[in-house]
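Undergrad: Below, each chain spelled out in residue letters.
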Amino acid sequence: MNKSEFLKLLESGLTELPNNEIKKSLTYYSEMIDDRVEDGESESDAVATLGSVDEIVKSVISQTPLSEQIGEPVKQKNRFSVPVIILIILGSPIWLSILLALFSVILSLYATIASIIIALYSVVAALLLGGAGAVLGSPIIMYSNIHTGIAVIGAGFIMFGLGIFMAYGTVILTKLTIRFTCFLGHKFKLAFAKRKTA
Amino acid sequence: MDAQLKHGLLEVCVLTALFKEDSYGYRIIKDTSPYIKISESTLYPILRRLESGNYLSVYSVEHNGRLRKYYKITDSGKKKIEEFLDGWDEVMNIHNYIVTETRGKEE
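These protein sequence lines are chains A and B, in that order. Residue numbering for the first sequence follows my numbering, starting at 14 and increasing by one per position. Residue numbering for the second sequence follows my numbering, starting at 1193 and increasing by one per position.
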């Protein structure tokens, strides 16, 4: 990489800083390269010894006092030029509806998942209650008919067992859904934050 | 060397490199390199900090058809070196304590 390529990369990495801060670090690094070249190094060697641009960008941004980072309105203008803003406004019927559609798809997806989970819980509750009722109630039936009573007690145990089994699965499914939602929310937040600082 | 310890030493080393005469970025790195390793990207924030703390002043000199920034130590910069040296007695005391407590017992 030569000097001008390096400086261009550095500049594009620092766009979130005020102009004078960008200029300061560009003059600093350009002077460093010039001095190394004057000292006998080749331009590409001099650039290479400075390290990766990403690292430099990170350190410059993190080391710039916050007061100076926000000292001057950032170059927001460069991000959305006037024609782009007009396009955004004119295109709003399209992208707004797409956004709304996306939002409602996500919402309905969640409604579906939620209702499935609620249904599963009610099945579990029915199995557990029904099973318990059958087991507890079977002695009464045994009085009138011993065979039916035994069959009912067996059915009750099977229902109760199935209920416990399904409860496990349902709880795990709920946890997974919650975790996935957190993950999704996190991703959204990240994407949003990135767009804000970019 | 411990990163935190080095961090504190760097500022004083940069000021020391300016003590006898004004200097510029690349020469500061070269002059201090036998004692402490300062990379370009470490030096930059240090110079900025020292400048905003009024420990050094900056001026530009034309050199080979381009501008080079020279750094000049201020009185408060010199005072900072003095304070560092004074504080070092305390560090030596602590060093002594650590040495006698940890290595002295083995003998």
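Heads up, a few of these hints could be off.
BS3-like cross-link-like pairs, simulated, lysine-lysine; straight-line CA separation at most 25 Å [claimed, not checked]:
1. B:K1264 with A:K36
2. B:K1271 with B:K1198
3. A:K71 with B:K1271
4. A:K71 with A:K36
5. A:K16 with B:K1229
6. B:K1261 with A:K37
7. B:K1229 with A:K71
8. B:K1261 with A:K16
9. B:K1198 with B:K1229
10. A:K37 with B:K1264
11. B:K1222 with B:K1212
12. A:K21 with B:K1198
13. B:K1270 with A:K71
14. A:K202 with A:K188
15. B:K1270 with B:K1222
16. A:K36 with B:K1198
17. B:K1272 with B:K1261
18. B:K1212 with A:K21
19. A:K36 with A:K21
20. B:K1222 with A:K37
21. A:K16 with B:K1270
Everything labelled a hint here was simulated from the structure, so no lab data went into it.
Undergrad: Flag every earlier hint the structure violates by its number, smallest first.
TA: Numbers 3, 12, 13, 16, 18, 21 - these are the hints that the structure violates, sorted from lowest upward.
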